[in-house]
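Assemble chain B onto chain A, guided by the hints.
Each chain, letter by letter, is given below.
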Amino acid sequence: MSGSPPPALEVADLAVDLRSGGRTIRAVDGMSLTLDAGETLAIVGESGCGKSVTALAILRLLPQRIATMRASRLRLGGEDLVGLSEEEMRRLRGNRISMVFQEPMTSLNPVLSVGRQIIETIRTHRGLDRAAATAEALDLLRLVRIPDGERRLGQYPFEMSGGMRQRVMIAMAVACRPAVLLADEPTTALDVTVQAQILDLLQDLQRRIGTAMVLITHDLGVVAQSARRVVVMYAGRKVEEAPVGRLFADPRHPYTLGLLASMPRLGSSAAHGPRGRLREMSGSVPVMDGRIEGCPFAARCAHALDLCRRSAPEPVEIAPDHRVACWRAQERLEMAHGRV
Amino acid sequence: MLRYILKRLLMVVPVMGVVTVVVFVLSRVGPGDPVTIMLGEFATAEQIARTRTALGLDLPLPAQYFAWLAQTLQGNLGLSLFTRKPVLELIAQSAAPTVLLTLCAMVYAVLVAVPLGVLAAARAGSLVDRAVMAGAVLGFSTPVFVLGYILAYVFGLRLGLLPVQGFPGLEAGPVAVLRALTLPALAIGATFVALIARVTRASMLEVLNEDYIRTARAKGLRRPVVLLVHALKNAAVPVVTMIGIGFGILLSGVVVTESVFAIPGIGRLTVDAIFRRDFPVIQGVVLVMSAVYVLLNLLVDLSYMLFDPRIRY
Chain A
0 MSGSPPPALE
10 VADLAVDLRS
20 GGRTIRAVDG
30 MSLTLDAGET
40 LAIVGESGCG
50 KSVTALAILR
60 LLPQRIATMR
70 ASRLRLGGED
80 LVGLSEEEMR
90 RLRGNRISMV
100 FQEPMTSLNP
110 VLSVGRQIIE
120 TIRTHRGLDR
130 AAATAEALDL
140 LRLVRIPDGE
150 RRLGQYPFEM
160 SGGMRQRVMI
170 AMAVACRPAV
180 LLADEPTTAL
190 DVTVQAQILD
200 LLQDLQRRIG
210 TAMVLITHDL
220 GVVAQSARRV
230 VVMYAGRKVE
240 EAPVGRLFAD
250 PRHPYTLGLL
260 ASMPRLGSSA
270 AHGPRGRLRE
280 MSGSVPVMDG
290 RIEGCPFAAR
300 CAHALDLCRR
310 SAPEPVEIAP
320 DHRVACWRAQ
330 ERLEMAHGRV
Chain B
0 MLRYILKRLL
10 MVVPVMGVVT
20 VVVFVLSRVG
30 PGDPVTIMLG
40 EFATAEQIAR
50 TRTALGLDLP
60 LPAQYFAWLA
70 QTLQGNLGLS
80 LFTRKPVLEL
90 IAQSAAPTVL
100 LTLCAMVYAV
110 LVAVPLGVLA
120 AARAGSLVDR
130 AVMAGAVLGF
140 STPVFVLGYI
150 LAYVFGLRLG
160 LLPVQGFPGL
170 EAGPVAVLRA
180 LTLPALAIGA
190 TFVALIARVT
200 RASMLEVLNE
210 DYIRTARAKG
220 LRRPVVLLVH
230 ALKNAAVPVV
240 TMIGIGFGIL
250 LSGVVVTESV
260 FAIPGIGRLT
270 VDAIFRRDFP
280 VIQGVVLVMS
290 AVYVLLNLLV
300 DLSYMLFDPR
310 IRY
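Going line by line, the protein sequences match chains A and B.
The first sequence: position 97 = 96 (numbering that gives the first Met the number 0), numbered continuously.
The second sequence: position 286 = 285 (numbering that gives the first Met the number 0), numbered continuously.
In isolation and in its complexed conformation, chain A is listed as follows (with noise of 0.2 Å):
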């Protein structure tokens, strides 16, 4: 074995198909991940290009009746997952991995305390009695800064504000110090003024437990912020990933220069520009049920070759950790008036 300690989590050729009425939807595509110890992944696309798909095949939280999954490679700092049983899996999950939600409003039990909640996911791995356990649990609302923690114990979610949800979230999915956390969408049902505090703590909590995260969102503000990497997702597939300062300053798919274009920022012209417009990709994400060869991009893409629609481009580096499946990736494009 070589020095260097093995990535938090490593993930090769993932694929995801999900049954739906008779038809099968390729909802993730070939896509592969390696998160290092303690840093933050962001993983962006818009709404159905696979990003929460990914995270639940991760935690293989896909129901089973409609969704079959298979990777090459499927690492746990440095421990297989392909092979676990369910059993296996589960004692994992919440200990070592685990995974916070985009809606704090439904994803606690509504009809439990969210002491309860907390305190069983302490007690589940790690073999607390209930006083360690409703101890920890205070220690936990602490650390993700809910004051007056022995009243809130005893509160249900319904008695709480989203953002107060969204840390009792937090909470639990940190109390077990994981190695990896999935976080998809955060901060996407919060008000702004929550999405900052949540992003700082989550950012904090890091620091302080040392635990890699997934930041899974469509929100290039919240990467910018954030994140360390980048991985763009398009239909199911990674279209791009490279560092965040260079996926800025450099993008290279066609799909991430829409995606940025179409982002607001302060002193821009398209903050205060004549046509005052944000710039918006047209089209939508193509159904990958299989009939699509080339790149799914191709049909709203401006620089599309005829290449791109009888060919789908492998991820191809251009520069160090910076990945890139297009064709034209060498070639530095620029929005076509308007269009990518």
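Keep in mind the hints are simulated off the structure, nothing from the lab.
Computed from a predicted structure; not experimentally measured.
Just so you know, even glycine gets a beta-carbon here, dropped at the ideal spot from N, CA and C.
It cannot be assumed that every hint is accurate.
Claimed, not checked - Within a straight-line C-alpha distance of at most 25 Å, the following computed DMTMM-like cross-link-like pairs (lysine to aspartate or glutamate) qualify:
#1 K232(B) / E78(A)
#2 K84(B) / D32(B)
#3 K232(B) / D128(A)
#4 K232(B) / D307(B)
#5 K232(B) / D203(A)
Claimed, not checked - Covered by chain B, per the in silico footprint, the following chain A stretches (three or more residues, Cβ under 8 Å):
#6 56-65
#7 93-102
#8 118-130
#9 309-316
For chain B alone, kept in the frame of chain A given last:
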């Protein structure tokens, strides 16, 4: 909550008022006359008139109604026209078998149906699920008297394990009582096993799709905890409602079930009273049963609070 309970109890008053009118009118509009039944066909007109006066049956109907109502309001349901025993006492005497049978049937139904419903929902679409649902259709569509006779034949006559009919009385001890109630409870409970299992399954299926179930799984909770704590508690309200309705059906069905199994309970008392046009008994039984039903409904509504903290009265 106390306010709510008081309000609900106050609402019982008009309900019971309507019940008194309905039961009084229904018992009088039917054909037949208690006095002729009592005295037999050879009684003279003078005997009949005298008895009728003695029993107060010669008064105009409104006068009879208000006399009965006044008496009832004082907690006195009157005397049976035939046995001259207080109606309340008659009801109390025959209540034990009815109450025990109803409770046994319901406890049995809940203990069998809820686990089956949970299992079916947890394995939705599987062979187990289909077997449970097929069994539910069968259980629901088999009449009590058919199932009752089958059970009596198999366990009573063939295997000789359990008494087929009758009720030994409380003084016979709990074992004898339970043995006597087993077959009737199984027969009556079957319908409710089916109903409650179906409602449990449907309610569980809905809950199992909720985000918080995914959260529970993402926390690595054991499957039984996910199903029985996180899902079932959320799924409980419709199930409890069904159980409440079940009690109502059972209470109104005692007339049939007690006849099939020859159990001397409220059902038997009612049938005998109807055959003899024993007005005070008929009225008393209906009144008491209605009150019990209304109170059961209140209890069901209050029990929702046990399952869902968002429900507060």
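Inset, instruction - Against the earlier hints, flag every one the structure doesn't satisfy and list their numbers going up. - result: 1, 5, 9
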